[in-house]
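K.L.:
Residue numbers (UniProt numbering), protein chains in the order written: chain A, 1 to 307; chain B, 1 to 307; chain C, 1 to 307; chain D, 1 to 307; chain E, 1 to 307.
Worth flagging that the hints you see were computed from the coordinates, not collected in a lab.
The reader is advised that the hints may include incorrect statements.
Each pair may be met inside one copy or between any two copies, as identical chains are not told apart.
Here are the simulated lysine to any residue pairs, SDA-like style, with alpha carbons at most 20 Å apart [unchecked claim]:
(1) K152 / R287
(2) K212 / V3
(3) K212 / S65
(4) K162 / D136
(5) K206 / R70
(6) K157 / E292
(7) K157 / E294
(8) K162 / T147
(9) K40 / Y240
(10) K206 / W307
(11) K206 / G304
(12) K212 / R75
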Amino acid sequence: MIVSKTQRLTVMLQGLRPALFSLLGWDLVIVVCYKVLHWKWVGSSFVPLGSFGAVLGIIVGFRNSSAYGRWWEARILWGAIVNRSRTFARQVLTTMSPERSATPAEQTEVADAQRELVLHQVAYVHALCHQLRGQDPVPTVVRLIPTEDPAKLAREKNLALKLQTRMSAMLVAARRRGWLDEWQWQALDQSLAGLMDSQGGAERIKNTPMPKQFDFFPRFFVQIYCLMLPIGMVVDLGWYTPLGSTLVGFLFLALEKIGRDLEDPFENRIHDVSTTAIATTIEINLRQLLGETELPPPAQPVDGILW
Amino acid sequence: MIVSKTQRLTVMLQGLRPALFSLLGWDLVIVVCYKVLHWKWVGSSFVPLGSFGAVLGIIVGFRNSSAYGRWWEARILWGAIVNRSRTFARQVLTTMSPERSATPAEQTEVADAQRELVLHQVAYVHALCHQLRGQDPVPTVVRLIPTEDPAKLAREKNLALKLQTRMSAMLVAARRRGWLDEWQWQALDQSLAGLMDSQGGAERIKNTPMPKQFDFFPRFFVQIYCLMLPIGMVVDLGWYTPLGSTLVGFLFLALEKIGRDLEDPFENRIHDVSTTAIATTIEINLRQLLGETELPPPAQPVDGILW
Amino acid sequence: MIVSKTQRLTVMLQGLRPALFSLLGWDLVIVVCYKVLHWKWVGSSFVPLGSFGAVLGIIVGFRNSSAYGRWWEARILWGAIVNRSRTFARQVLTTMSPERSATPAEQTEVADAQRELVLHQVAYVHALCHQLRGQDPVPTVVRLIPTEDPAKLAREKNLALKLQTRMSAMLVAARRRGWLDEWQWQALDQSLAGLMDSQGGAERIKNTPMPKQFDFFPRFFVQIYCLMLPIGMVVDLGWYTPLGSTLVGFLFLALEKIGRDLEDPFENRIHDVSTTAIATTIEINLRQLLGETELPPPAQPVDGILW
Amino acid sequence: MIVSKTQRLTVMLQGLRPALFSLLGWDLVIVVCYKVLHWKWVGSSFVPLGSFGAVLGIIVGFRNSSAYGRWWEARILWGAIVNRSRTFARQVLTTMSPERSATPAEQTEVADAQRELVLHQVAYVHALCHQLRGQDPVPTVVRLIPTEDPAKLAREKNLALKLQTRMSAMLVAARRRGWLDEWQWQALDQSLAGLMDSQGGAERIKNTPMPKQFDFFPRFFVQIYCLMLPIGMVVDLGWYTPLGSTLVGFLFLALEKIGRDLEDPFENRIHDVSTTAIATTIEINLRQLLGETELPPPAQPVDGILW
Amino acid sequence: MIVSKTQRLTVMLQGLRPALFSLLGWDLVIVVCYKVLHWKWVGSSFVPLGSFGAVLGIIVGFRNSSAYGRWWEARILWGAIVNRSRTFARQVLTTMSPERSATPAEQTEVADAQRELVLHQVAYVHALCHQLRGQDPVPTVVRLIPTEDPAKLAREKNLALKLQTRMSAMLVAARRRGWLDEWQWQALDQSLAGLMDSQGGAERIKNTPMPKQFDFFPRFFVQIYCLMLPIGMVVDLGWYTPLGSTLVGFLFLALEKIGRDLEDPFENRIHDVSTTAIATTIEINLRQLLGETELPPPAQPVDGILW
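The following block holds chain A by itself, in its conformation from the complex:
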């Protein structure tokens, strides 16, 4: 996610430059043909730039609003992961407790189990963040749960799902030992189900691209429109054609690119939802609830990009 407040134009133009220069070149070709070589047939002021542009605006506008919808839904799903991780940790830490007659040894056991559950939740979040972006989640999980065997983890097709199933088994065990009553178990189980809903939603966005038509036609028609622009303008604007055509073309190219950038929010690109930063925030919050004081630093933007 771009967060830098300076050097804006440079970052914004990333990826637009080749198209802009091609358009400028094409404009110059047309204007030279018309004004220098006097090939009058290359220009026609009747090219229906107006209607074409308006309908193109509607198509691209709709694509963009859908793309923004996907991006914002991705962010909402990760926001829900934040909320539910916190609620899960709060519930584990306040409700899980040994029975009154427990020995000190059992009390330590409960504390260990609480800590393990919360760290598993942190590992779950990091694993989900990595596997959505197609990165290897194993190193981070091993950092948080050092007792894990990396080779075994690597065999899992959906490591986050595996971690959650293990947490579910830990909760059932805790309940059998009397550390949780039925009500508390139910509240924790619902938190896990809610996390699975958010995970599934994020995987849905990842695995279902926008219909290809929404990707193909806007770009195709914007390119055709840019080809027509100098042809339709050169009769009236003459030598000003490159300026006018590039400005209008820039508007459409930028509009088309805004949507394209946002439509896939988990692709390890600069326009991603900043899931690494969110996962780090969750780790800080949950470690602080555990009473730790050596917290990882919050994620910082790198070159104006927050990952």
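Based on the hints, put chains B, C, D and E in the right spot on chain A.
P.N.:
Coordinates of chains B, C, D and E only, in the frame set by chain A:
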């Protein structure tokens, strides 16, 4: 669902070609009449192409946004089926357990019941996928639950509903034997209710087409607009008319087709939501939770189409 | 709901014909005045058809998207009634059971109570369908529950609500006799509350029309626009005016009608949500769950209309 | 809420007349200056009415869709109040009951408590309706619960909240006496929490107007546009200017007014959501559930307005 | 949030003035060059102001609707905080009670615990309000809970989360002492989870700005459009150019600013959601439920701004 990244234009034009060639032919007829036969009355630069086009853009744009809404809702419903299937399997595998004093024989019985429930869930998902597309769900169900009698299954009007009712009865039986307590039963029952909500939503989209007006008028007016295009352009564009008219007509025809493709997502066409692939993913996830290692391969695109 | 695939234009034009013929007549009057009587003042090429049309398109487009929203919400609410009816029946049939020590007589009693509850649910759905459309629900209810006294039912202002209250009392009684435990009662009670939410939503759409302004102004301005069309076109189009004006006017009249048709989905008109067909589907599903084999036939379209 | 089907134009024009007459006067001034006094400088056919109008349409259209969203959300919230009131009454009447060994005196006590709870719910709905509109809720509450002290009620800042807190205490008391078990108490408590959500939603809409910019700029720019209309039209339309300008201006003024009317649905104006009628419907439904036969008459429209 | 009804234009123009004066200056430069210096090349009536403006309207309109969506979602989240705070307090005050055999001392203890929980909830809301706006929440929290150590509070990275965790522990303690049963504890725990969802939603809006492209391109293209306005108008409008250009430019600048103002609702600016006022309302409601009579005054607008 189209996923291929190459050969795009060819796939995209599927179904548009006849309309484009008819339009081109009509353009040529008009331009020949006007320029060769000098029938001046076939052209008029006052045909209100502009306003007609803008309002047509609004109509078709609205149809498309509704059609995309149906398609995306269908995908969300199947996403919810993924989440709830996983949560259901996780709950069955971690919470269902014999009482402490159980004999080894009973422990085997519990494990068998767990496996049967999870496989029923896989069969439920495949059955729903097939019956939505109007395919015969029986072979897949028999593959997963070999003890079933195909003839009996074929008599069911809604096989998925039947499978779920049977799972519900299995859960009640498990509870009577003490393998589930009330809380766990409730959590599983809610998962079943949630799956029925998703099934009902998918059936609603399948059984309720877009209002016919939304289907009929956009196509009708786009056709009229294409008929008017060369008439309105030939005076100004002359021999360029076929080019200009076909480009603008292409824009509207493509716009109209995008919506038509998406509005019915369970019709066994290339624009369907890829429910077979989703059902296969669920089968892989659930079999891995069961501890199986011989997993079916993930669904692969065929000729760029993921079914 | 229109489902026929043939004879489209005829059905679609229903209700539009008077307006189209009036418009054509008005066009002819104007063109005769202008071209035959040479009353030049009836035409002016400066009538602002363009801006007026664009803004009108925005108004009508917005009305239509709201109307479609109402129609689709009505369909979603009835879809939820399908889901919840099935879940209710599944829960009644699998969870309600006599205690282990029950006599055969009591077992028969339980089976009767189950059957009665499921039939009440079918009656509830049919009653809701009829009372939303302003039809008399009593005959259908008496068909399903023959022990009812029609005269008494006719006194109820909201028969569906009454039926549900009675089902609620039956559930409480079943619980007192030990046929349901608390958990099962709660699940069933939540299903009833969910059905009441859907009923209330449908009644809300029925009782709250679109704000009258949204109804009045689009029609009013479309009529004014149609009056202006030939005046603004006759100077340029001459004898072609009736053709051009009728086509553009048709576009707006159709656009306006699409919204008007959809905005009230429970009015016993051909554009209604097909609640009778949905209620019949529920009856088939629930009777099949009861193990009946003599099922009512699914609702069939009559003259291309599914009621 | 306007429900009359006749006298439409008169009601619709309420509040628009002053603006329309001002516009007509201004049109006449301009046309007289231009055609009679020959002040040619008052007219210019290059005033950019087209682009200004299109963008203005987008602004006002967006404001209107937000305003309609507020109005419809208000109606949905009141619809939820209907559903939840009915569910609350159904639950009170079917689940609350004395223990089996209860004396006849206690049975009467339970019946009284049921009746009191349902009447409190009716009073709650009426109180909410009045306090949202800034009216005094005390008389209606006293009508329904005659034992109340009006002076004490008048001191409450949020009477509906107070009534609900008292109902909550009554439920806890009923539970202590064994008239409700935990499950039933929970279901009733959730109904109260749901009612509080709806109340809070309605108060949110009441207390948070649309951002003032959305109110100010549309009206401001529509006024400017109306000032420019005759200036831009007089050169081409001459003496027809007042007609053309007033028609186009009427379109924008009406468009602007539609949104303004709907944006605040609890202001005791003719465009309000008809909360009094809804509250009366709830009273009728709940009294009928109580078995009463002397029901208040349903709310009737007064001069075409349903309050 | 702006609530003043007078001095509107002045407040509305805040922040727009520099841009308007720059535009006016530029207009004058162009018109002087064209009309006085006769540099004919500075004007061209073929600048495509129309298409550029329409597409720009679509871009900015979409940005605005997203920005309004963020603002209104922020308001809905705070509305949910109001509802849940009230429900939490209602539940604490009516359900928490000592066992029947409690000593008077214990009864006082319960009352103290109730009061402490409700005040913690008030502190939680104020803390969230302050930390969202980047203000120091410690003084307000210390005002409400005087026993707190300010230095210790200041070390918390997320004070609201900390306060809620402490409330959660207080509820678990209350339950251990028998003041709450499991059902009541569950209802209260769900209220806390709901509050955490609202907090997380507000933090999501705070921490995730609109994609920078939506911020950058609308402003950039509006500026370019304003530069082109007098160039495109001067040929036709002559000395009227500054008037026409400024009016059209004002429309776009205002449109762009409306969205920019709303997109970040927790920035301590005049366009913020009025969270301080909402927090004060919650404090008044909850203190009145506690039976207090010395209530803080409701928040009043300062210079027409409600914070």
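K.L.:
Provide an ascending list of the numbers of those earlier hints which the structure does not satisfy.
P.N.:
The structure breaks none of the hints.
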